[in-house]
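Number of protein chains: 2
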Amino acid sequence: MEIKANNPALKSWIDIKPDSDFSIQNLPFGVYSDKQVTHHACIAIGEQIMDLHMVHHLHYFKGLSLPENIFANQYLNEFIALGKEVTRKLRDRVSELLSNTNTELQNSPNKDQIFKKQSAVQMLMPVRIGDYTDFYSSIDHATNVGKMFRDPENALLPNWKHLPVGYHGRASSICVSGHSFHRPKGQMKPNDAPPVFGPCKLLDFELETAFIIGKQTQMGETISTEKADDYIFGMVLFNDWSARDIQTWEYVPLGPFLAKNFASTMSPWIVTLDALEPFRVAGYKQEPKVLPYLEYTGNKNIDINLEVLIQPENSEATTVSESNYKYMYWTAEQQLTHHTVNGCNVNVGDMMASGTISGPEKHQFGSMLELTWRGANPIKMKDGSERKFINDNDTVIMKGYCQKNNVRVGFGECKAKLLSAT
Amino acid sequence: MEIKANNPALKSWIDIKPDSDFSIQNLPFGVYSDKQVTHHACIAIGEQIMDLHMVHHLHYFKGLSLPENIFANQYLNEFIALGKEVTRKLRDRVSELLSNTNTELQNSPNKDQIFKKQSAVQMLMPVRIGDYTDFYSSIDHATNVGKMFRDPENALLPNWKHLPVGYHGRASSICVSGHSFHRPKGQMKPNDAPPVFGPCKLLDFELETAFIIGKQTQMGETISTEKADDYIFGMVLFNDWSARDIQTWEYVPLGPFLAKNFASTMSPWIVTLDALEPFRVAGYKQEPKVLPYLEYTGNKNIDINLEVLIQPENSEATTVSESNYKYMYWTAEQQLTHHTVNGCNVNVGDMMASGTISGPEKHQFGSMLELTWRGANPIKMKDGSERKFINDNDTVIMKGYCQKNNVRVGFGECKAKLLSAT
Chain A
155 MEIKANNPAL KSWIDIKPDS DFSIQNLPFG VYSDKQVTHH ACIAIGEQIM
205 DLHMVHHLHY FKGLSLPENI FANQYLNEFI ALGKEVTRKL RDRVSELLSN
255 TNTELQNSPN KDQIFKKQSA VQMLMPVRIG DYTDFYSSID HATNVGKMFR
305 DPENALLPNW KHLPVGYHGR ASSICVSGHS FHRPKGQMKP NDAPPVFGPC
355 KLLDFELETA FIIGKQTQMG ETISTEKADD YIFGMVLFND WSARDIQTWE
405 YVPLGPFLAK NFASTMSPWI VTLDALEPFR VAGYKQEPKV LPYLEYTGNK
455 NIDINLEVLI QPENSEATTV SESNYKYMYW TAEQQLTHHT VNGCNVNVGD
505 MMASGTISGP EKHQFGSMLE LTWRGANPIK MKDGSERKFI NDNDTVIMKG
555 YCQKNNVRVG FGECKAKLLS AT
Chain B
155 MEIKANNPAL KSWIDIKPDS DFSIQNLPFG VYSDKQVTHH ACIAIGEQIM
205 DLHMVHHLHY FKGLSLPENI FANQYLNEFI ALGKEVTRKL RDRVSELLSN
255 TNTELQNSPN KDQIFKKQSA VQMLMPVRIG DYTDFYSSID HATNVGKMFR
305 DPENALLPNW KHLPVGYHGR ASSICVSGHS FHRPKGQMKP NDAPPVFGPC
355 KLLDFELETA FIIGKQTQMG ETISTEKADD YIFGMVLFND WSARDIQTWE
405 YVPLGPFLAK NFASTMSPWI VTLDALEPFR VAGYKQEPKV LPYLEYTGNK
455 NIDINLEVLI QPENSEATTV SESNYKYMYW TAEQQLTHHT VNGCNVNVGD
505 MMASGTISGP EKHQFGSMLE LTWRGANPIK MKDGSERKFI NDNDTVIMKG
555 YCQKNNVRVG FGECKAKLLS AT
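The listed protein sequences derive, respectively, from chains A and B. FYI, the working numbering numbers position 334 of the first sequence as 488, with every residue one higher than the one before it. FYI, the working numbering numbers position 66 of the second sequence as 220, with every residue one higher than the one before it.
Don't take each hint at face value.
Given that identical chains are not distinguished, each listed pair holds provided it fits within a single copy or across any two copies.
What the hints assert, rightly or not - In the DMTMM-like style, the derived pairs of lysine to aspartate or glutamate whose C-alpha atoms are separated by at most 25 Å in a straight line are:
1) 536 <-> 188
2) 536 <-> 346
3) 558 <-> 461
4) 343 <-> 305
5) 315 <-> 346
6) 343 <-> 375
Read the hints as simulated data drawn from the structure, not as lab findings. In this text, all values refer to a predicted model and were calculated from it rather than measured experimentally.
Let the hints inform the model, and build the full structure from the sequences given.
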């Protein structure tokens with residue numbers, strides 16, 4: 155199916171730099187506020203946002219049969235729930251309005267209320283997340299962890315290549331990019347001594363992406379790999395902050411809990427799966443063969459360049475990781491199929507994260523744990539200081555973009571600052 | 155602090171049988187529907203419900219400053235969020251209206267709209283659950299599982315007595331008592347053979363209770379054991395259905411996932427923590443001493459008799475377990491303190507379940523896994539059939555009540571029927 159808004163030949167009448175994440179072929183959805191607006195849905199274009207409620211209010215979306223205040227909700231859930239047929243038409247219409255062949259908005263007297271500088275608005279949580287699941291689907295990451303903590307010769311656990319391992323996470327503490335949080339406290343277990351309580355010492359980022367569910371199922375329903383894309387609205391960048399020392403002590407036998415649920419960070423713009431379609435690439439070759447319900451056809455990985463930077467207080471940021479979503483062993487479609495194969499129901503706004511995305515090369519590892527190999531090889535910052543894990547007052551920034559045929563579709567930033575323990 | 159509605163001397167003008175869970179000292183909250191009503195909040199009294207919206211509408215709650223449609227919401231969250239001072243006053247006022255010394259409602263011409271038979275209405279999900287956490291806090295359960303699957307001599311894992319082990323679960327598939335669901339399908343691993351896909355063979359119940367959060371915190375805040383009760387609105391019975399064979403294969407290293415998230419069942423009535431206060435008993439003696447943040451004073455366990463029955467299709471129910479909440483090693487207050495000690499925020503309506511509640515005696519075990527010791531000792535049903543785990547078309551019923559000084563405060567039923575795999 156051809157998606158009109160993806161046409162690489164499209165140009166906008168808005169000035170967009172060649173390295174902008176927000177080309178006219180992207181048009182990701184978010185929710186913003188400023189002095190005038192409590193919360194309106196918007197789309198990113200170049201360095202600006204376009205206020206969808208205002209455009210709707212001025213009747214530029216007539217014919218799309220949208221509810222009157224659909225873009226004035228606190229979250230995008232109700233809009234997303236209208237279904238892909240509607241959201242796709244809306245994105246096509248926005249593309250048309252922004253195209254240099256269209257003059258409807260270019261000459262609008264309301265231009266100042268419709269278009270605002272991204273630097274002048276605050277981006278809010280784009281969705282009300284119902285349930286949040288985190289997978290563990292990068293083979294390089296799982297292998298690195300297995301080598302460090304288990305058997306270097308048998309790094310992957312027996313189930314790993316048979317099913318996309320996943321677990322439920324905490325939705326309440328997922329924040330939108332730009333927040334800060336305090337170093338968590340918890341129980342840690344020194345070797346040969348009783349457990350102690352105090353601020354976590356080994357705080358780490360995890361470079362991930364996440365997809366947002368766009369279509370509800372009922373309990374008992376299963377989503378096949380073939381239909382999975384119909385249920386995925388779009389993707390974001392995701393930092394699954396982890397307290398390594400808390401995790402080591404708590405996670406057997408029921409998995410990570412307080413080592414994760416103190417904070418997670420997501421990027422504010424949901425890049426639609428539609429906008430990512432042109433960047434599909436072949437998936438990882440899966441050996442042994444997966445069970446039939448997990449089989450799929452076609453190119454289901456996506457070539458998304460990913461980068462992590464650490465910015466110490468009052469200093470320049472240093473790139474510490476350059477990875478890519480294409481290194482994932484399990485695809486998003488397989489994850490969603492597996493998640494629902496037992497009849498588990500999903501709701502619009504649910505979030506499912508990839509797990510740490512590491513590539514095969516050392517500079518492509520998606521966490522400090524792997525990059526410094528448990529602290530053995532510290533990373534030098536531009537200010538001369540070294541990092542084994544994340545220090546107080548460091549800001550961690552994740553970026554991601556696809557690029558092909560001079561079209562760039564990016565995610566913007568996913569950033570958060572770690573404050574000292576209280 | 156004395157809670158007026160708990161007065162054991164109170165008698166209602168409504169006829170309440172001595173073995174009713176819903177004495178005038180209980181007054182649990184729920185949400186119901188019938189032909190006339192889409193969703194109204196209500197209170198259980200004897201064999202009836204009292205429609206709170208109707209009572210409010212008729213001005214019997216004047217002076218309590220309640221929002222006009224607070225009892226006409228789909229869920230109780232907004233009511234609970236008003237805070238314990240308000241919800242406690244409301245419960246006291248309901249108690250007054252139902253007391254045999256009060257005639258306001260006895261002679262009301264609207265009595266038929268206010269009071270309805272429980273058998274004539276449908277109970278709905280009482281709260282919109284944001285996040286759901288499951289703990290693992292019964293020492294007899296954890297010991298039994300350790301004996302079966304790990305080392306009988308070292309059944310408890312090293313962290314178990316130092317922190318209340320817990321993990322995040324799926325909120326979307328929690329249903330209210332009375333539903334049915336299909337036997338889940340999934341991956342299982344036969345010994346010495348590759349994994350297979352099919353209907354789960356070892357479907358089990360887990361006898362649990364759960365508490366409902368009544369007061370929000372912000373990220374970074376911690377709830378002390380001393381203040382924890384201020385954040386707990388009330389409790390329900392909870393069946394944490396588990397697919398043992400799916401779990402065995404999937405749960406290492408990140409915990410249970412598809413083995414749990416296909417369905418869970420909760421009882422419809424939230425019994426307030428206030429109503430449970432008279433039944434507090436001393437907690438489990440905790441050795442080794444817990445870290446200071448987990449210490450607590452006072453009687454923080456609760457003497458709640460628990461029972462599980464299996465009812466085969468077209469047959470009588472058989473009691474298979476008789477346990478008690480008082481056997482819990484970790485208290486609800488410790489669980490909540492631990493959950494927030496890292497700054498994890500909680501929201502009104504979040505649910506935190508106890509984990510399987512087993513007592514020390516064999517008939518007190520809280521799952522078929524333990525009761526039949528992995529199927530080695532099947533249980534005989536009244537119809538002559540045997541159960542190692544749960545069969546298709548079985549209904550599992552959980553009950554619970556406190557009793558002291560001729561006052562009974564109960565939970566009603568938590569029941570669900572297992573249908574065959576689709």
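Structure-based check of all given hints:
In this assembly of identical chains, residue 536 and residue 188 lie within 25 Å of each other by CA distance neither inside one copy nor across copies; the values are 34 Å within and 67 Å between. Within a single copy, residue 536 and residue 346 get their C-alpha atoms no closer than 38 Å, and across copies no closer than 53 Å, so neither meets the 25 Å cut-off. Taking CA atoms no more than 25 Å apart as the test, residue 558 paired with residue 461 passes inside one copy only; the shortest distance there is 18 Å, against 63 Å between copies. Taking identical chains as interchangeable, the C-alpha atoms of residue 343 and residue 305 lie at most 25 Å apart whether they share a chain (21 Å) or sit on different chains (22 Å).
Within a single copy, residue 315 and residue 346 get their C-alpha atoms only as close as 35 Å, which misses the 25 Å cut-off; across copies the closest is 16 Å, which meets it. Taking the shortest alpha-carbon separations for residue 343 and residue 375, only the inter-copy value of 23 Å comes in at or below 25 Å, while the best intra-copy value is 43 Å.
Taken one by one, the earlier hints fail for this structure at numbers 1 and 2, listed in ascending order.
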